[in-house]
Amino acid sequence: MKRIYFDNSATSRTDNAVVEAMLPFMKEHYGNPSSLHSFGSEAKRGMDSARASVAKLINADPSEIIFTSGGTESDNLAIKGFAYANRSKGRHIITSAIEHHAIFNTCEYLEKNGFEVTYLPVDSEGLVSPEVLERAIRSDTILISIMYANNEIGTIQPIRELAGIAESKGIPLHSDAVQAAGHVPIDVRSERVSMLSMSAHKFYGPKGVGALYVRKGIRLEPLLHGGGHERGLRSSTENVPGIVGFGKAAELAMSNMSSESAKLIALRDMMIDGVLRRVPRSYLNGHRTKRLPNNANFRFDYIEGEGLVLRMDMRGFALSTGSACSTKSLEPSHVLIALGLRPEQAHGSLRISMGKDNTEEEVKLFLEALPEEVSHLRQMSPYSDSNPIMANEPWCSSEEHGHTTKEE
Amino acid sequence: MYSDKVLEHFKNPRNVGEIPDADGVGKVGNPVCGDVMFIYIKVKDDIITDIKFKTLGCGAAIATSSMITEMAKGKTLDEAKKITRGDVADALDGLPPQKMHCSNLAADGLKAAIEDYEKRKASKQ
Chain A
2 MKRIYFDNSA
12 TSRTDNAVVE
22 AMLPFMKEHY
32 GNPSSLHSFG
42 SEAKRGMDSA
52 RASVAKLINA
62 DPSEIIFTSG
72 GTESDNLAIK
82 GFAYANRSKG
92 RHIITSAIEH
102 HAIFNTCEYL
112 EKNGFEVTYL
122 PVDSEGLVSP
132 EVLERAIRSD
142 TILISIMYAN
152 NEIGTIQPIR
162 ELAGIAESKG
172 IPLHSDAVQA
182 AGHVPIDVRS
192 ERVSMLSMSA
202 HKFYGPKGVG
212 ALYVRKGIRL
222 EPLLHGGGHE
232 RGLRSSTENV
242 PGIVGFGKAA
252 ELAMSNMSSE
262 SAKLIALRDM
272 MIDGVLRRVP
282 RSYLNGHRTK
292 RLPNNANFRF
302 DYIEGEGLVL
312 RMDMRGFALS
322 TGSACSTKSL
332 EPSHVLIALG
342 LRPEQAHGSL
352 RISMGKDNTE
362 EEVKLFLEAL
372 PEEVSHLRQM
382 SPYSDSNPIM
392 ANEPWCSSEE
402 HGHTTKEE
Chain B
-1 MYSDKVLEHF
9 KNPRNVGEIP
19 DADGVGKVGN
29 PVCGDVMFIY
39 IKVKDDIITD
49 IKFKTLGCGA
59 AIATSSMITE
69 MAKGKTLDEA
79 KKITRGDVAD
89 ALDGLPPQKM
99 HCSNLAADGL
109 KAAIEDYEKR
119 KASKQ
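Protein chains in written order, with my numbering: chain A, 2 to 409; chain B, -1 to 123.
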């Protein structure tokens, strides 16, 4: 059976050119960049050149790039590092209700440690309103963190406007750009972003490496203390092969971004139009146009997403869902709930995230398979148009089910 | 994550459907949590002669529904009542830990259907 990978927001296939760029830094140039000898300088040169490429991808200065182990660490360093270094200025942080768990859970941790966090609501398409942000800013607000593009529904935030408001109040804005970097153009200078998180494996780079852009003048407390690597902000011998691969992925993204995104937008729109036309009672989650080129996210009435992901997997398609049943916590996606969906609607969601290697033929195969599998699950479902889910069905209590649903 | 047996039952579920003139119907679960099961039984001389299910839920919810219909068919009501959640999970070569509670509703569904049958029978007498 031909397998079709539509889960590029989870991770992407490492580009062959990236692998080729990395190999010499394991086999020959294996030195420690901190060493004085020639082995060390070779490694250092590879790392410097990667730092320049990553900086260029977002129009930053190479000295403003801190390499980390990935998006989660970058987010932790930005939020905790900034909060602890600047706590004398205030204890209030603003973020959104649809952030990745790397931001969300870091903010919850800070709430337990003396900080106050405001979670801005989003509209039904997942957008943060600049006016709502402006109203939430207080005299003790020290940091604003709003993601560039959402990992589930792909909605792209008006970062330029949001960062402009932050700057006018003298507050730095951090953006988790893990899903956006390498896929959409980012210019931290003109957009007035103060910190930005990236991850290599989301755009055809290797896993285990990411970066935090930290604008000059921003003070952070390190998470890792040690030998003082990365300007003292991230001690640990650098992951040189990973960093070199990250640099190569950034280079490739810069040269291919416009052609790839045009291709992906065409595939995405074909996917969205096709699904909404072919599957009754199907809906798009997120904004129709202000979304990542590779993301489509649907919900289907009367079925549950994990079952759909499994059935589509049996037909060769790799997909993901925001259904509670797919997670260890058994909570439905906080992102879909923040859009105003009811839990039973969030359970019926399906995310498709395409990549540069996907083809129109694959989208056509998907559009043939999906309606059959939705219909198969609906035949098993007790619910239908003639027997809809009623609010407050008498046996519909969470206690009876053994766990409670999350209050948002 | 799932055993081959769970996946096999999920792929080819047994006894899907409704029984319009069922002698007992059991409903368990909660759409808010994502799993809802309806079980329909026909009973003759205290033996479950036919059983069907309709389930909204994940792979585990559908596989346990399918499995319990196979386990209960032809059993006496007393035997059927003794089937536990653990028995269903064992028959499927186990379930992931986070699914043991939430999606393993089938034994409760069967019990609810039998109770419904007994209640109807008592009200007729």
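Keep in mind the hints are simulated off the structure, nothing from the lab. Being a predicted model, the structure only gives us computed values, none of them experimental. Be a bit skeptical, because a hint or two may be false.
For lysine to aspartate or glutamate, the following DMTMM-like pairs were computed, each having C-alpha atoms within a straight-line distance of at most 25 Å [as the list claims (entries may be wrong)]:
#	chain 1	residue 1	chain 2	residue 2
1	B	25	A	8
2	B	50	A	29
3	A	57	A	168
4	B	9	A	168
Computed Cβ-Cβ distance ranges for the label pairs, DEER-style [unchecked claim]:
#	chain 1	residue 1	chain 2	residue 2	range
5	A	317	B	95	27 to 33 Å
6	A	130	B	16	56 to 62 Å
7	A	125	B	44	26 to 32 Å
8	B	10	A	161	34 to 40 Å
9	B	98	A	63	48 to 54 Å
10	B	98	A	64	50 to 56 Å
11	B	80	A	360	50 to 56 Å
12	B	10	A	267	36 to 42 Å
13	B	10	A	281	37 to 43 Å
For each residue, glycine too, the CB sits at the ideal point set by N, CA and C.
Cross-check of the supplied hints:
Restraint check for residue 25 of chain B and residue 8 of chain A: the C-alpha separation of about 35 Å exceeds 25 Å, so the hint is violated. For a cut-off of 25 Å, the pair hint linking residue 50 of chain B to residue 29 of chain A is broken: about 65 Å separates their Cα positions. Restraint check for residue 57 of chain A and residue 168 of chain A: the C-alpha separation of about 23 Å stays at or below 25 Å, so the hint holds. A distance of roughly 55 Å separates the Cα atoms of residue 9 of chain B and residue 168 of chain A; the hinted pair therefore is violated under the 25 Å criterion.
For residue 317 of chain A paired with residue 95 of chain B, a C-beta distance near 28 Å keeps the hint of 27 to 33 Å intact. Between residue 130 of chain A and residue 16 of chain B the CB atoms are about 47 Å apart, so this pair departs from the stated range of 56 to 62 Å. Distance hint check: the CB atoms of residue 125 of chain A and residue 44 of chain B are about 54 Å apart, inconsistent with the given range 26 to 32 Å. Evaluation of the 34 to 40 Å hint for residue 10 of chain B and residue 161 of chain A yields a failure: the beta carbon distance comes to about 53 Å.
Checking the proposed 48 to 54 Å range against residue 98 of chain B and residue 63 of chain A shows it holds: the Cβ atoms sit about 51 Å from each other. At roughly 52 Å, the beta-carbon separation of residue 98 of chain B and residue 64 of chain A lies within the given 50 to 56 Å, and the hint holds. Distance hint check: the CB atoms of residue 80 of chain B and residue 360 of chain A are about 54 Å apart, consistent with the given range 50 to 56 Å. Between residue 10 of chain B and residue 267 of chain A the beta carbon distance is about 37 Å. The supplied range of 36 to 42 Å therefore holds.
In this structure the hint that residue 10 of chain B and residue 281 of chain A lie 37 to 43 Å apart at CB is violated, the actual value being about 25 Å.
Comparing the model with each numbered hint stated earlier shows that hints 1, 2, 4, 6, 7, 8, 13 do not hold.
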